[in-house]
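*Asks:* From just these sequences and the hints, can you work out the full model?
Protein chains in written order, with our numbering: chain A, 1 to 187; chain B, 1001 to 1103.
For the record, the hints were derived by calculation from the structure and aren't laboratory data.
Possibly wrong hints are sitting among the right ones.
Quick list of the computed label-pair ranges, beta carbon to beta carbon [stated by the list, open to error]:
#1 Leu1101(B) / Lys170(A): 19 to 25 Å
#2 Glu146(A) / Gln1099(B): 47 to 53 Å
#3 Thr136(A) / Asp1096(B): 30 to 36 Å
C-beta atoms are modelled at their ideal positions from N, C-alpha and C, and glycine is treated no differently.
Each chain is listed here by its residues.
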Amino acid sequence: MDISPLFFYVFAGLAIACSLLVILKKSPVASAFSLVLVFFAFAGIYALLDAHLIAALQVLVYAGAIMVLFIFVIMLLNADAPSFDLGRSHVAVRWLSGAVCVALFGLFVWAFKNSAVHEPVAAYTVDAIEKAGGNTRVISELMFSEYILPFELTSVLLLGAIVGAVAIAKRNSGNPVKGGHNRAAAN
Amino acid sequence: MPQQIDTWVVLAFCSAIFMIGLAGVLIRRNILVILMSVELMLNAVNLTFVTFSKALHHMGGQMSVFFIITVAAAESAVGLGLVIAMFRTLRSVDTDEIQLLRE
Chain A
1 MDISPLFFYV FAGLAIACSL LVILKKSPVA SAFSLVLVFF AFAGIYALLD AHLIAALQVL
61 VYAGAIMVLF IFVIMLLNAD APSFDLGRSH VAVRWLSGAV CVALFGLFVW AFKNSAVHEP
121 VAAYTVDAIE KAGGNTRVIS ELMFSEYILP FELTSVLLLG AIVGAVAIAK RNSGNPVKGG
181 HNRAAAN
Chain B
1001 MPQQIDTWVV LAFCSAIFMI GLAGVLIRRN ILVILMSVEL MLNAVNLTFV TFSKALHHMG
1061 GQMSVFFIIT VAAAESAVGL GLVIAMFRTL RSVDTDEIQL LRE
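*Replies:* Below you can see the structure in the form of structure tokens.
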């Protein structure tokens, strides 16, 4: 693939180092800020792979909206207490899951390296996209023609998520008494 | 340093990030960090889609990433709502504390 090796290795190294920090740091706040760096590194790799709209969305949605939500919840819960508990319990689980992840990683790399050469299946080369008006225009035209059904289903999903989030929040703030739901239903 | 990056190198990087996220889900007990690890795994899959989109000259991968980002935003909104509900009930974000089937 015709992407710059230097930039790819810089972004990939940053992403791997920061995602290790995400799972190894004790404080959730430190994990959240490492995750922001991972998202920015991913946006850089998307831009290297000529997915400019996805790169912009990555920064806006992930590094913007989702991370603000995480930081806000950490602030709301004041849950900055360490919960990693190295060396106290779950040692076997930790080593076992680490070993399983490393083994699966090896399997994936072996499979990707030895799979067949990928032949292009469509005509969206860099030049063709450039001639058709750029990445964003091509994606927009596809979204409102070929992918119109998933697009509309996405709006239903977002509506369901809003209703679900409100229902969860309301149900738990309404009845602080234990077993209050049954009594309310009986009355 | 090589002049070209092979496709499998990018895919290997994606699987490394995915496995780091999986390890985070398995070994951490703070539910906030578990949700962050799930986001890491979703991002790794997104990058796999974009890589194949470039390698196969097909825009379906980038379209899928667009929809996955939407689903991930909805998922984290509902998930964090559930975390707040859990914290109200248990006064903790430790997943080992989730032991009751009712309030």
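*Asks:* Are the hints correct? Go through all of them and say.
*Replies:* Status of each hint after checking the structure:
In this structure, Leu1101(B) and Lys170(A) meet the distance hint of 19 to 25 Å, their C-beta atoms being roughly 22 Å apart. Between Glu146(A) and Gln1099(B) the CB atoms are about 48 Å apart, so this pair conforms to the stated range of 47 to 53 Å. Checked against the given bound of 30 to 36 Å, the beta carbons of Thr136(A) and Asp1096(B), roughly 46 Å apart, lie outside it.
Violation of the numbered hints given earlier is confined to hint 3; every other hint is satisfied by the structure.
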